[in-house]
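Let's have the full structure, built from the sequences with the hints guiding it.
Chains as they are written, first to last, in UniProt numbering: chain A, 1 to 397; chain B, 1 to 397; chain C, 1 to 397; chain D, 1 to 397.
The list treats identical chains as interchangeable, and a pair is accepted whether it falls inside one copy or across any two copies.
Subject to a maximum C-alpha distance of 30 Å in a straight line, what follows is the list of computed BS3-like cross-link-like pairs (lysine-lysine): (1) K97 x K71; (2) K390 x K117; (3) K186 x K345; (4) K390 x K71; (5) K97 x K27; (6) K276 x K203; (7) K167 x K240; (8) K97 x K19; (9) K367 x K156; (10) K345 x K279; (11) K232 x K217; (12) K279 x K71; (13) K327 x K97; (14) K367 x K186; (15) K26 x K117; (16) K156 x K117; (17) K327 x K71.
No lab work stands behind these hints, which were simulated from the structure alone.
On a predicted model such as this, the values are computed, not experimentally measured, just so you know.
Number of protein chains: 4
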Amino acid sequence: MEKVLLLYSGGLDTSVMAKWIQENLKKEVVTLTLNIGNSNLDEIKEKAISLGVSDAIVEDVKNEFAEKYIKKEIYADGFYGDYPLSTAIARPLMAEKAVKYAEEYGCSTIAHGSTGKGNDQVRFEVTIKALNNNIDVIAPVRDWNMNRPDEIAYAKSHGINITYGGKYSVDENLWGRSIEGSNLEKLTNPVEDDVYEWVTPPKNAPDIETELSLEFKNGIPSAINGVHYSLKEITERLNKIAGENGIGFINHIENRVTGIKSHEIYECPAAVLILKAHKIFESLILNKNEADIKNYMDFQWSNNVYNGLWYDPVMEHINAFEQSINKYIEGEIKLGLYKGNISLKTIDSEYSLYDYDTVSYDNSIFKQDSAKGFIDIYKNNTVLGSAARKKTLKVIE
Amino acid sequence: MEKVLLLYSGGLDTSVMAKWIQENLKKEVVTLTLNIGNSNLDEIKEKAISLGVSDAIVEDVKNEFAEKYIKKEIYADGFYGDYPLSTAIARPLMAEKAVKYAEEYGCSTIAHGSTGKGNDQVRFEVTIKALNNNIDVIAPVRDWNMNRPDEIAYAKSHGINITYGGKYSVDENLWGRSIEGSNLEKLTNPVEDDVYEWVTPPKNAPDIETELSLEFKNGIPSAINGVHYSLKEITERLNKIAGENGIGFINHIENRVTGIKSHEIYECPAAVLILKAHKIFESLILNKNEADIKNYMDFQWSNNVYNGLWYDPVMEHINAFEQSINKYIEGEIKLGLYKGNISLKTIDSEYSLYDYDTVSYDNSIFKQDSAKGFIDIYKNNTVLGSAARKKTLKVIE
Amino acid sequence: MEKVLLLYSGGLDTSVMAKWIQENLKKEVVTLTLNIGNSNLDEIKEKAISLGVSDAIVEDVKNEFAEKYIKKEIYADGFYGDYPLSTAIARPLMAEKAVKYAEEYGCSTIAHGSTGKGNDQVRFEVTIKALNNNIDVIAPVRDWNMNRPDEIAYAKSHGINITYGGKYSVDENLWGRSIEGSNLEKLTNPVEDDVYEWVTPPKNAPDIETELSLEFKNGIPSAINGVHYSLKEITERLNKIAGENGIGFINHIENRVTGIKSHEIYECPAAVLILKAHKIFESLILNKNEADIKNYMDFQWSNNVYNGLWYDPVMEHINAFEQSINKYIEGEIKLGLYKGNISLKTIDSEYSLYDYDTVSYDNSIFKQDSAKGFIDIYKNNTVLGSAARKKTLKVIE
Amino acid sequence: MEKVLLLYSGGLDTSVMAKWIQENLKKEVVTLTLNIGNSNLDEIKEKAISLGVSDAIVEDVKNEFAEKYIKKEIYADGFYGDYPLSTAIARPLMAEKAVKYAEEYGCSTIAHGSTGKGNDQVRFEVTIKALNNNIDVIAPVRDWNMNRPDEIAYAKSHGINITYGGKYSVDENLWGRSIEGSNLEKLTNPVEDDVYEWVTPPKNAPDIETELSLEFKNGIPSAINGVHYSLKEITERLNKIAGENGIGFINHIENRVTGIKSHEIYECPAAVLILKAHKIFESLILNKNEADIKNYMDFQWSNNVYNGLWYDPVMEHINAFEQSINKYIEGEIKLGLYKGNISLKTIDSEYSLYDYDTVSYDNSIFKQDSAKGFIDIYKNNTVLGSAARKKTLKVIE
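In structure tokens form, the structure reads like this:
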């Protein structure tokens with residue numbers, strides 16, 4: 001019998017799928033559940049088995065997620081608008097694992113639970129096909145237009161234990177929490193407080209500043225207040241510290257890869273804090289040429305990742321650029337966290353381009369009398385252009 | 001006798017220059033003082049006359065500054081890093097007026113008070129030369145290496161009334177306040193509270209949210225809480241409201257056009273608030289193609305303005321692009337201001353691309369069953385590329 | 001009875017469709033035939049009527065094509081790789097006319113003859129939907145997988161007069177001729193001489209140089225050898241003159257919007273010549289800032305047009321930029337045409353930034369002694385960056 | 001006595017300098033002469049010694065030039081407009097060697113022969129300072145305004161053997177020959193045939209096509225017609241073969257780093273041929289994402305190199321990107337060379353993305369019926385944007 005590998009979360013959608021695929025497609029189901037955040041793998045595995053699947057694979061990939069995915073995002077200052085791509089960078093990891101286990105368990109098809117309007121279907125399918133173009137992909141929610149009432153009826157009639165989700169549609173991993181749906185779909189409604197979970201709303205956050213020191217090494221944070229941790233641990237700790245201080249709440253309107261606008265809420269305390277610190281280091285360490293080109297490359301990186309192209313050939317080259325530049329992003333930064341604000345206290349780096357002596361007066365490195373000559377040549381491009389245009393009457397206000 | 005037009009602020013530097021040019025260059029001095037923010041024109045004029053200048057021109061240009069300069073910056077979401085270019089956009093206006101009056105009063109030379117390490121000398125001189133390449137420019141502080149002790153001695157011996165500046169070197173106009181120097185030059189010192197003037201530090205700001213509605217018309221704000229004002233008035237009012245709520249304080253490291261890094265503090269409450277609102281409107285109104293290209297053009301606009309190229313020929317074309325796109329930036333936005341945080345409450349626009357019906361399920365505009373075909377073609381570029389590379393052993397991790 | 005507007009070329013595909021839609025879809029057919037190049041409208045109209053269509057609209061749009069489409073491409077130096085987008089810019093005009101007549105004749109559907117692998121289906125359908133989202137679009141060749149043998153059988157059995165095309169699949173309009181298919185699909189075969197029609201292969205072109213003078217006005221050519229013509233006439237004349245001299249043959253590999261590579265041959269003598277002249281004018285007239293930003297905008301323009309986005313909202317703004325810059329592209333250029341080579345003889349423009357006096361020695365505008373100061377400041381960004389990196393051991397070769 | 005290292009070509013300028021520095025600056029002179037093209041090192045060394053210098057260093061760096069500089073340019077498709085940066089990439093090599101020998105021979109100053117209007121002074125001085133900021137740089141032609149008549153008089157009175165240059169100012173190396181000055185400075189004069197030296201004017205080139213096969217390996221050519229050579233040898237051979245066939249003549253208007261326009265003639269037969277072949281390989285091997293980002297990076301690379309920033313920190317990262325992408329540029333290409341034309345015959349690569357089966361009809365990889373769904377989603381961004389704008393009256397033609 002043919003086998004389908006199902007990316008299984010334990011929720012209603014994928015539980016119905018597990019049964020439905022066996023019953024209607026007459027195929028064996030192998031479930032794969034990855035812990036990228038707070039999943040209870042034992043519980044989910046048990047539930048999968050109760051649905052009659054032939055294998056229920058579970059794996060904790062939090063460390064791998066930090067070392068292979070989050071790291072590259074910090075390198076590239078990954079933001080899509082205000083969104084630090086938290087869900088977006090987990091999808092290729094899930095797809096990569098799905099392909100790996102599908103090959104191992106002899107599954108010819110991978111099933112995922114995404115709908116037809118969103119980005120995740122694109123991220124899953126492009127990645128799976130890039131890694132193994134011979135594997136088929138199905139997305140039952142989309143392809144057979146499953147809807148919630150039908151799913152609930154099906155679950156009840158098949159003895160599937162229903163875990164109702166909350167009011168919103170939520171996705172979580174180490175790098176952030178995304179919230180969609182319900183009242184959020186009306187832009188004429190203010191966001192309600194019940195969307196907050198990881199972040200304390202600024203008004204409820206402590207009325208005292210928390211000071212924090214971060215050490216960066218090779219482009220990523222390596223220590224908090226002098227104590228070294230793995231990137232995974234740093235992310236976990238900063239999610240807590242920054243979240244408590246009202247940091248990392250994002251409320252923005254997004255251009256989906258499917259060409260429509262959506263309203264998205266994210267809670268990404270660690271991501272927002274780490275990326276902010278990384279950016280400040282760059283302002284200290286990179287020269288203008290580096291900063292400008294990195295700005296372009298980061299934009300490409302983020303667009304590609306958002307749009308599901310983690311495994312596009314171009315990413316190898318962009319990452320080569322990012323790695324080359326990030327080896328200089330090192331040093332120590334002190335930040336103040338207060339009710340949603342991150343403020344720079346002090347910063348230092350052995351690669352700093354900031355030079356106190358150059359900035360303060362009366363020194364010999366910066367020759368002020370060169371400035372006149374500098375401007376005299378620097379102006380040519382503008383002045384010659386401007387002069388040529390003024391010869392005629394065409395210049396408009 | 002030849003005449004020099006001096007950009008005169010009433011401070012120590014330019015007061016010494018007024019006298020010095022008469023005494024040492026044996027030229028008549030015409031002073032020009034512009035009110036772009038809070039200058040007391042009567043007082044400064046009186047002081048200029050007391051220095052023996054032949055004419056003391058004063059002009060209030062706040063409205064012109066708003067309508068011709070601030071407007072274009074809002075169009076272009078002008079930011080250089082975190083800095084809304086407040087000083088940078090006032091310099092070309094000053095240079096433009098200086099050229100106009102120099103021509104009118106028959107001055108062959110323009111004198112300004114900038115030093116040799118900064119951006120302003122570049123902004124003044126490129127603009128002056130672009131507008132009239134026959135006018136000479138002198139910058140006594142730079143060209144004759146005037147320093148503070150010498151200036152004070154000169155002032156005392158020539159009966160010039162010395163108005164000591166504060167601890168920091170400050171520049172102010174309608175669009176913002178910039179603070180440099182003193183302890184700020186040490187990055188290993190935290191910024192002290194005495195730099196704050198326009199912005200109430202978040203910890204001291206009211207512990208209650210201020211709600212605010214802004215109407216945008218043709219790319220710029222036209223009303224606050226339903227009451228229409230000129231752009232100048234809106235800016236003044238928002239400087240107050242946003243500043244009181246801890247908004248608009250900027251602490252960043254900057255790449256000067258002269259190739260060095262500097263540490264700059266800015267207070268730009270209205271600018272930060274208006275540009276944030278403008279950006280949110282763009283996220284609602286512009287499609288992805290427009291947003292991406294505008295992102296590039298805004299970057300060019302800001303770099304050029306920062307680098308003194310307001311009158312470079314290219315700016316005419318960039319502004320044509322920005323004007324074309326901004327005519328659609330219209331609507332109403334409600335924001336919450338609280339201790340340094342700006343949060344989106346509601347937003348609406350007749351040009352909104354956000355469609356509730358498309359986002360919510362079960363509708364006919366977005367066809368979910370098209371998604372499978374979409375991904376099947378969309379993936380080709382990535383999958384074919386990926387497949388070709390895997391044929392060989394060169395692919396690296 | 002519902003009506004279908006069919007974009008009708010008179011060839012096999014669309015002739016079969018005309019009949020097939022009546023017979024199988026039970027709908028009335030209105031044909032639309034546009035002359036954008038060398039179509040014989042009378043003959044095609046007659047053939048359409050013989051197929052039983054209810055209306056056979058014909059229109060000569062060559063002039064409109066030149067004034068609304070070709071002009072914008074010259075502004076934007078439109079190239080996709082080596083290809084001057086000849087077919088690509090005709091598709092939105094065809095779609096625009098199709099929508100106009102569909103609305104006028106009450107057709108609820110538009111039918112076109114494109115296949116499912118190419119760009120033209122995308123260009124037609126995006127444009128139609130952007131102009132009127134309520135019109136349905138069908139592409140019988142693609143949607144019902146019509147193939148040539150079936151079409152021929154169908155034509156024979158329905159008394160449709162078959163005009164066999166040549167060996168290649170060809171599309172022609174005023175701006176160029178595109179050739180696909182047959183042996184061209186094997187990259188390991190050299191291109192055969194029988195693809196040439198508009199261009200004389202260089203080896204057969206005259207062994208003597210043809211000199212030509214072109215006048216540009218407002219960004220586009222306005223006269224040849226001193227005689228003024230419309231843009232349409234200039235294009236026709238230059239197709240002949242340049243083609244005879246071996247100019248305008250393009251052989252390249254292309255990235256289709258559908259994500260696959262194709263091998264394309266184009267003959268675009270006038271386009272290649274005009275765009276070359278336009279580029280040379282730009283090198284004379286635009287300063288570096290303008291040239292660099294125009295380079296980016298042109299790239300976006302071409303990508304969008306190639307990808308079917310002529311009516312995307314962003315194009316309004318890009319065209320505003322292009323129009324702003326092109327009003328300065330004026331002057332006279334003399335070129336030599338010889339066996340595929342275009343060589344610059346002389347060039348002049350009232351907006352020229354080239355200044356003989358500045359370039360030749362011993363003059364006062366360019367001050368050589370400013371250069372030392374210029375370099376001293378200009379170097380800072382690089383030298384400070386370089387110095388900071390050398391402090392440590394990380395610098396790699 | 002202090003020592004000056006003089007970049008010595010053996011020509012009038014630098015011969016006069018050699019003597020002048022000893023006589024007027026009272027410093028020892030060490031000359032450095034590099035063979036990057038066709039210099040006769042023995043002869044020049046003898047001449048240097050005759051001028052009384054304390055050391056006359058000579059080195060053949062042609063191979064190093066190819067392996068460290070030309071290679072990187074091929075990677076980056078280096079072009080500044082139509083110019084393959086031939087002189088520009090030799091300057092940093094000369095500066096690098098000058099610094100190396102200055103350090104070795106204890107010279108505190110480096111002297112070069114560039115003038116004050118050009119690019120080379122910038123390239124020399126930025127590179128020298130980036131490598132060793134403690135070395136002083138002098139450029140006597142610029143700094144003391146040496147002019148030709150004075151130099152000739154000085155040479156005669158000091159017994160310096162004068163080798164008159166030709167009509168033009170010429171610079172040559174392995175990668176190309178640049179020609180400036182004389183009649184070329186008038187754009188209203190056609191270029192005369194006496195500028196041609198490496199390239200046979202097309203009208204005089206053989207009236208028969210030369211076929212050529214090139215093998216590329218790791219981004220650079222490795223074999224001609226099946227015979228392997230070093231990059232230096234390939235460049236030398238292709239200069240001859242391509243030059244004889246009228247290829248590599250460049251006549252363009254250039255934006256100098258000093259902000260002025262100049263008219264430049266170049267002869268770069270090998271460069272033009274190799275870069276053309278490299279570009280064709282890219283069109284076969286890179287996907288659209290890679291091609292677009294490489295296009296941007298190449299542009300940055302070329303601008304930086306033209307502007308003297310070979311050793312700017314950003315170049316390390318750009319080169320990392322370029323190296324990453326170039327490892328796939330491999331394969332065999334056959335080209336026809338005929339009177340200035342390069343035509344593609346055949347091309348093949350193990351990394352080719354061109355797939356005959358996908359392009360030809362009736363196969364299973366490209367699913368034509370996915371196209372309808374593709375366009376239906378792909379259109380959203382444009383159609384939604386277009387629809388929102390049409391709701392109102394603001395849309396302009």
